[in-house]
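*Asks:* Can you build the whole structure from these sequences, using the hints too?
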Amino acid sequence: DQQVKQNSPSLSVQEGRISILNCDYTNSMFDYFLWYKKYPAEGPTFLISISSIKDKNEDGRFTVFLNKSAKHLSLHIVPSQPGDSAVYFCAASAKSNYQLIWGAGTKLIIKP
Amino acid sequence: KAGVTQTPRYLIKTRGQQVTLSCSPISGHRSVSWYQQTPGQGLQFLFEYFSETQRNKGNFPGRFSGRQFSNSRSEMNVSTLELGDSALYLCASSSGTVNTEAFFGQGTRLTVV
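Residue numbers (the working numbering), protein chains in the order written: chain A, 952 to 1063; chain B, 32 to 144.
Honestly, the hints are just simulated from the structure, not real lab data. One or more hints might be untrue.
Stated by the list, open to error - Below 20 angstroms or equal to it, Euclidean Cα-Cα: the simulated DMTMM-like pairs (lysine to aspartate or glutamate) are:
id: 1; chain 1: A; residue 1: Lys1005; chain 2: A; residue 2: Asp982
id: 2; chain 1: A; residue 1: Lys1046; chain 2: B; residue 2: Glu132
id: 3; chain 1: A; residue 1: Lys1005; chain 2: B; residue 2: Glu132
*Replies:* Printed below as a string of structure tokens:
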């Protein structure tokens, strides 16, 4: 049972435009959400997180939006740059369990 | 502050052998989690150690085991290696408290031949 779903295996975006990566979750106990970026043959790098008490968190070009009623979060990257080409993972955790639950990842390709 | 260190970076083993991978977490972090990533796959959770105790476990066979030492360093062992164990093994370090991010090492690329 996939508790965190990233339904788009890949996404292609023009350089300079907005990239929107989506993530859905099923467990209503999740109260902390994170996005990671991963290059091939490297470990994931933490990008940005959001607590369930917020609906938006920004850090530079990266903004995460959380819609609790829809159990949906999205990562916006504006403007997209070539170095943003990577696999993006969404993860979630609940206070009752210290374990991070991961989505399958979305491969973002930024076209010049 | 030093990051998460995984050794070795690359390893080639023969089917049937056993292997031990090492992870040194960020100083002060008490939680270490291990993940397996195979080509085209996401992060498959193996187990998590916190203060020398296994706190969470994924759905991997008993051939996969781990331990954590008093200095929070962790080792992962895979016995009777199979070809399908070829993967990137990632270690993540965190404070171990709720709602906190994890920081990953560069991983160990294991190839079983």
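*Asks:* If a hint holds in the structure, say so; if it doesn't, say that too.
*Replies:* Quick rundown of the hints versus the structure:
1. Lys1005(A) with Asp982(A): holds, 10 angstroms
2. Lys1046(A) with Glu132(B): Distance ~13 angstroms between Lys1046(A) and Glu132(B) Cα, so the pair holds.
3. Lys1005(A) with Glu132(B): Status holds; Cα separation ~17 angstroms.
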